[in-house]
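Chemist: What follows is each chain in one-letter form.
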Amino acid sequence: MSLTRRNALVLGSAAFVVTLVPLHAFAASEKTMADIKAFSGGAAVSNGGIDLTTPEIAENGNTVPVQFSAPGAKRVMILADGNPSPGVGTFNFGALGDASGSIRIRLAGTQDVVAIAEMADGTYVQIAKTVKVTIGGCGG
Amino acid sequence: MAKARVKVPKTAAAGELVTIKTLVNHKMESGRRKGKDGKVIPRKIINAFSATFGGENVVSAKFEPAISTNPYFQFSFTVPSTGDLVMKWTDDDGSTVEKTKTITVA
Chain A
5 MSLTRRNALV LGSAAFVVTL VPLHAFAASE KTMADIKAFS GGAAVSNGGI
55 DLTTPEIAEN GNTVPVQFSA PGAKRVMILA DGNPSPGVGT FNFGALGDAS
105 GSIRIRLAGT QDVVAIAEMA DGTYVQIAKT VKVTIGGCGG
Chain B
48 MAKARVKVPK TAAAGELVTI KTLVNHKMES GRRKGKDGKV IPRKIINAFS
98 ATFGGENVVS AKFEPAISTN PYFQFSFTVP STGDLVMKWT DDDGSTVEKT
148 KTITVA
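Protein sequences appear in the order of chains A and B.
Letter by letter, the first sequence follows residues 5 to 144 in my numbering.
Letter by letter, the second sequence follows residues 48 to 153 in my numbering.
In isolation and in its complexed conformation, chain A is listed as follows (with noise of 0.2 Å):
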């Protein structure tokens, strides 16, 4: 493949978007970050461990699909950052389950959706997923 000019510009804007994803920081609002203080009783939360699939753009913010999976955790957290009140839902997996789940939210705006949580060990991990709502769906 020869360096044309066009190729040239779509390398450098690929390269441009691939430094600017991990660079994403997740910041959490108050009431999202008091949320996850009371879910891991201030114990350090890191990345990684869990997994979190969610629609890149929801069109309906009534209805969001999300997928997680946390391999042997104890305990999820699900939490929308920008909704009135962060909380979506808490589950807890007993020995027989394999701590994954899906689930339909609902998602005020275009927000981070975070899941936290707690491994067997009792550590805490959390990942955190952008979704851009074209229609709100938290009522007037």
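No lab work stands behind these hints, which were simulated from the structure alone.
Every residue, glycine too, gets a C-beta built ideally from N, C-alpha and C.
One or more of the hints may lead you astray.
As a list, the in silico DSS-like pairs of lysine-lysine whose alpha-carbon atoms are at most 27 Å apart [what the hints assert, rightly or not]:
no., chain 1, residue 1, chain 2, residue 2
1, B, Lys109, A, Lys136
2, A, Lys35, B, Lys74
3, A, Lys133, B, Lys109
4, B, Lys86, A, Lys35
5, A, Lys78, B, Lys68
6, B, Lys57, A, Lys35
Label pairs and their in silico Cβ distance ranges [what the hints assert, rightly or not]:
no., chain 1, residue 1, chain 2, residue 2, range
7, B, Gly85, A, Met37, 50 to 56 Å
8, B, Lys57, A, Thr134, 39 to 45 Å
9, A, Lys136, B, Gly101, 27 to 33 Å
Starting from the known structure of chain A, fit chain B onto it as the hints suggest.
Modeler: Relative to the frame of chain A, chain B by itself:
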């Protein structure tokens, strides 16, 4: 109250990971919407769900108003042996719906 629909496999191999799909018909009134008279419609949601297999906890969940109308929940678990999967939903008004499905291990 609400009507629940579940999809549970009838048979499974021992130690197999099965996926359960559940759906309840419920308005999940968030307590934030206003009616025609401008007054807030009081909150009425399903606030808890639990699933047990052979008396052992599989998953118990606490739902907040941010769960959509007609709450859908899908989860998976490993079937150790033949037994009953008991699923229970609890409404804000205290009423409950229960569904029991037997999974047979061949």
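Chemist: Against the structure shown, which of the earlier numbered hints fail to hold, in ascending order?
Modeler: Numbers 6, 7, 9, in rising order.
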